[in-house]
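Chemist: Make one complex out of these two single chains by using the hints.
If you're matching them up, the sequences are chains F and Y in order. In case it helps, our numbering puts the first sequence at residues 62 to 385. In case it helps, our numbering puts the second sequence at residues 358 to 546.
Hints in this document: simulated from the structure, not taken from any laboratory. We treat Cβ as the ideally placed atom computed from N, Cα and C, and that holds for glycine. Among the clues, some could well be false.
Straight-line alpha carbon distances no greater than 27 Å define the calculated DSS-like cross-link-like pairs of lysine-lysine that follow [to be verified]:
hint, chain 1, residue 1, chain 2, residue 2
1, Y, K414, Y, K399
2, Y, K465, Y, K509
3, Y, K367, F, K371
4, F, K371, Y, K545
5, Y, K371, Y, K391
6, F, K371, Y, K509
7, Y, K414, Y, K404
8, Y, K465, Y, K545
The calculated label-pair distances, taken between Cβ atoms and stated as ranges, are [as the list claims (entries may be wrong)]:
hint, chain 1, residue 1, chain 2, residue 2, range
9, F, E213, Y, V382, 32 to 38 Å
10, F, R242, Y, D426, 27 to 33 Å
11, F, N65, Y, T537, 45 to 51 Å
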Amino acid sequence: MPANSLLPILRLRAQLLAQIRAFFAARGVLEVETPLLSAAATTDPHLASFATVYSGPGPRYGQPLYLHTSPEFPMKRLLAAGSGCIYQIARVLRDGEAGHRHNPEFTLLEWYRVGFDHHRLMNEVADLVTELLANRLPLTEPEWLSYWELFERHLGLDPHQATVVELAAVAERQGVSIPPRMPVQEVDPWLDLLLTHCLEPYLGQGRLCFVYDYPASQAALARLRPGNPLVGERFELYLNGIELANGFHELGDAVEQRRRFAAENATRQMRGLPVMPLDENLLAALESGLPDCAGVALGFDRLVMLAAGKETLAEVLAFPFEQA
Amino acid sequence: MATYSTNEFKSGLKIMLDGDPYAVVENEFVKPGKGQAFNRVKVRNLKTNRVIERTFKSGDTVEGADVVDVELQYLYNDGEYWHFMDQQSFEQVTADANAVSNAAQWLKEEAICQVTLWNGVPLSVAPPNFVIMTIVETDPGLRGDTSGGGGKPATLETGAVVRVPLFVQSGEVIKVDTRTGEYVSRVKE
Chain F
62 MPANSLLPIL RLRAQLLAQI RAFFAARGVL EVETPLLSAA ATTDPHLASF
112 ATVYSGPGPR YGQPLYLHTS PEFPMKRLLA AGSGCIYQIA RVLRDGEAGH
162 RHNPEFTLLE WYRVGFDHHR LMNEVADLVT ELLANRLPLT EPEWLSYWEL
212 FERHLGLDPH QATVVELAAV AERQGVSIPP RMPVQEVDPW LDLLLTHCLE
262 PYLGQGRLCF VYDYPASQAA LARLRPGNPL VGERFELYLN GIELANGFHE
312 LGDAVEQRRR FAAENATRQM RGLPVMPLDE NLLAALESGL PDCAGVALGF
362 DRLVMLAAGK ETLAEVLAFP FEQA
Chain Y
358 MATYSTNEFK SGLKIMLDGD PYAVVENEFV KPGKGQAFNR VKVRNLKTNR
408 VIERTFKSGD TVEGADVVDV ELQYLYNDGE YWHFMDQQSF EQVTADANAV
458 SNAAQWLKEE AICQVTLWNG VPLSVAPPNF VIMTIVETDP GLRGDTSGGG
508 GKPATLETGA VVRVPLFVQS GEVIKVDTRT GEYVSRVKE
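Same shape as in the complex, but just chain Y (with noise of 0.2 Å):
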């Protein structure tokens, strides 16, 4: 993997800190009037999300992080484990719970995902903006009300819970907002 010099630093670089890969939030050069330079950097680990803050002499080199993002179908869960494939090379990976975590809740089988991997394994799963789910349960609403206004849990196939107008029943197929966990609309089939 490549090294970085402190100047070469910059907002969404992937580099390796006491053996985790950390993503460069902000890099802030310091310097006394006279004498050493340095870059207090905030960094964010992506295996926690936690940001911390590393300072650096100015110049320094840090050894890289072997992350990137890729676009990877999901195929099923196994009870512990979620399956994604490349559709390029068919290559499949495994993600845990801790990778998936609240993406778990729209990951519907076929799905196309945004998937961070670091050394090839799974550090995060991103679904799509917008699924497409069936409601399996929610209280009938009062009917001829056509107004959204108020609204009501609703329990989608994968299990996840949001938000729906009076009128929409049990059965129907909406478009949720992954990134709100909001109802958009209905979907006719």
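Just chain F, with the same shape it has in the complex (with noise of 0.2 Å):
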């Protein structure tokens, strides 16, 4: 990228990393630093956290060290400690994902709300996006689906009692080209070929759009509500057909968690993936209590990319993968 569009784009990423700290400042949110190296790392089958290993001094001479795919864990660590609400905004990396939306290390802005639900957040997330984009990007009214209406709605199908013949079924009448090797049995797959190919990419055009309460299945680290169906208080927002930000209403039971990171395990040694370690420091702390809060994700680059009205990631970063 030649300098003179460059400038432009550090001077839109500082205005914007401003006006959030101004954000969180007014809205008395903490803003909070944790380690991006941890001996535990995250056992989400489709997060790869990138590895190295430590050369001493100290206790952890030779041990593996993974790079943190989000800050999700050490900031839970602090909210059971009382740190009341937190933000961060965090440099994470994830291997494996690169293209026109994704770059192996970008940056994240993840906040923590204490005493609200996935809803109450999905509010702020609101309030705060629409502030940053004021003045950059015209929005209309958000709107707000729930997964099984998204699914509903577009694709004529329940996505909460589909099943993997009639996802198959849909993504075929939609010309979908079906990967070869589906899984025959999990119907997850299915449903994520059908969001990223004939929904994501219609999702708020020209407005914020969440989409909440997904498949328990979907949302590891989620509380669950019981109900038909049962589904995990989790939401996504797009905007312009651009995922942007993913939240929970935050699981709390420690004993519960420890039973999707072992599934979760499960899962990644049956598709030969590393089994991770499990980061037993975010278990304890859940253990002795997590707050009852809502937690969200948001992507910066994306961010800044949208408000800068460009098409690709490459194109607001200093130096883009490629480059570094």
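Modeler: In structure tokens:
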């Protein structure tokens, strides 16, 4: 990127960061920083952590360490320790993710609100994003859709009941190229196929679109709400077809969290992926008591991209991955 | 043949899909907020040149296609097939009309062509960028016209028809750009 087009982007990034800090300062949310390197890592089978080895000195000599894919676990430890509402602007790293809308290293704005559920937090996300995009990208009133409504309205199917056969038939009807070796037992990859190919590109055209209440199987860190169907209290924010944020009404049950981590590691093992060390510090913190809270992670670079009217992440990074 | 993960996909990589060789044109990574990532890949069928889109689960592998570009000398056409020779090994390969396609009109014996081979069999033939050919037929032009404006069709020794300036006559030798099919200049013999 030539310097003359880079400078306005650098200024925009700095302005947006300053606005974010002012937003949270006014609301009494504390800025924190947590470690990038950890002996534990996410077990999510769809996230790949970069790994490195510490060469000493100290008790962690020779130990493998992982670069965080999000600051979620240490931030929850702070919450359990009584930090109150906190936010962090963190560089995070994810192996195997590169494209127009992905860079293997990027900036996440992550925050937690004590006493909020996911609906109240969605309102705050809408406030923040609307404020940040004011005079930059015109927006109409936000749209709110449950995951069920999204699939029912646009594809005429019930995502909580549909079978693999039904999902495959809809994909076929929609002209989606069906990837080879799609699982025949799990519905989630099929829901993801439909979501990425048929729904996401059209979500939130000129307005914020919140999708909430996900299938329980797609919300590993969220509370489940008993009922019919059983849903995970998770949400996503889309704008102009771009996924901007993911949030949860946070799970505080240490036993249940350990069970889900173990299940994810079992999936990893089945798929030939490395089994990750569980974050025992997080689990201990949950055991000691996580205050009732909701948290969200927002892709800052994507927000900059939208604010700048650009089409790719590479256009809003000082040095994209290939030039890093 | 090697297999390639979607993470290795880049423009130009040759892969096998449904028994046909394809070249990767574009590879886009898509992923929902959480969950399964996919690669939406545009691929060009090397037999038909048709571009289609295929989706793969990220990290899945695909068999590579044994497709290579080699420089071969054109020998002759037997009425059905075009025969080429490797100038080092003297091995010969034959290409059918499908592979030679539009290149046929530019093929003059002994021309060095770029031939794309799939499992040793020609998939496509690219003629040299410039060829020198004799005009076998063109209308007599206006005497004294050297401007080159306007132009007229001229049939070359291989049957190709190109537009030439009015002053160029039958029996003359010209240079043609095969990528555009345009006259470049007269060639002094």
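Chemist: Checking each numbered hint in turn, tell me which of them this model violates, lowest number first.
Modeler: 4, 5, 6 and 11
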